[in-house]
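Enquirer: Sequence:
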Amino acid sequence: MAGGWSRDGAEHEQMDATVNDALERARRALPTGKSAEFCDECGNPIPEARRIAVAGVQHCVGCQSELEQEAKAAELFNRRGSKDSQLR
Numbered sequence: 001m002a003g004g005w006s007r008d009g010a011e012h013e014q015m016d017a018t019v020n021d022a023l024e025r026a027r028r029a030l031p032t033g034k035s036a037e038f039c040d041e042c043g044n045p046i047p048e049a050r051r052i053a054v055a056g057v058q059h060c061v062g063c064q065s066e067l068e069q070e071a072k073a074a075e076l077f078n079r080r081g082s083k084d085s086q087l088r
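First residue of the sequence shown? That's 1 in full-length UniProt numbering, and the numbers climb one at a time after it.
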C-alpha cells in the first residue's frame, strides 16, 4: 500500500532492513572467547554462573548494565529515517 513514488511493499522492506540491521549489530556485540574472572571495569570477581552462561563475558552485571545504558544514550536516531519520512 505504498503511495507516491514508492512501490508496493516498500515500507515492509524498510522495516525489515531496520530490524535486520539491529540484529546484526546485536550479534556483533555478543562476547566470544574465554570469559574473564574479574570485571574489566571495576575489577570485582565475575560469578562463575555468569561466566558459564555468557561465553566471553568481560564485565560484571552492574558494569555491563551501565555500559549498555551509556550505549543506548549515545545511539543515534534510526539512520534510515523515520517511517513517516520514508513514506511521504
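The hints are simulated quantities; they were obtained by calculation from the structure and are not laboratory data.
It cannot be assumed that every hint is accurate.
[To be verified] Cβ pair distances, simulated, as ranges: (1) ASP8 - GLU66: 41 to 49 Å; (2) ARG7 - THR32: 14 to 22 Å; (3) CYS42 - LYS72: 15 to 23 Å; (4) ASP21 - ALA53: 21 to 29 Å; (5) GLU11 - ALA49: 38 to 46 Å; (6) LEU67 - LEU23: 31 to 39 Å; (7) ILE52 - HIS12: 35 to 43 Å; (8) ALA10 - LYS34: 41 to 49 Å; (9) ALA74 - ARG27: 16 to 24 Å; (10) ALA53 - LEU23: 19 to 27 Å; (11) VAL61 - ALA26: 13 to 21 Å.
These figures come from a predicted structure and were not determined experimentally.
Cβ atoms here follow ideal geometry from the backbone N, Cα and C, with glycine treated the same way.
Enquirer: Against this structure, judge whether each hint is valid.
Expert: Evaluation of the provided hints:
| no. | hint | result |
| --- | --- | --- |
| 1 | ASP8 - GLU66: 41 to 49 Å | holds, 45 Å |
| 2 | ARG7 - THR32: 14 to 22 Å | violated, 40 Å |
| 3 | CYS42 - LYS72: 15 to 23 Å | holds, 20 Å |
| 4 | ASP21 - ALA53: 21 to 29 Å | holds, 27 Å |
| 5 | GLU11 - ALA49: 38 to 46 Å | holds, 44 Å |
| 6 | LEU67 - LEU23: 31 to 39 Å | violated, 20 Å |
| 7 | ILE52 - HIS12: 35 to 43 Å | holds, 40 Å |
| 8 | ALA10 - LYS34: 41 to 49 Å | holds, 45 Å |
| 9 | ALA74 - ARG27: 16 to 24 Å | holds, 19 Å |
| 10 | ALA53 - LEU23: 19 to 27 Å | holds, 21 Å |
| 11 | VAL61 - ALA26: 13 to 21 Å | holds, 18 Å |
Hints 2 and 6, counting from the list given before, are not met by this structure.
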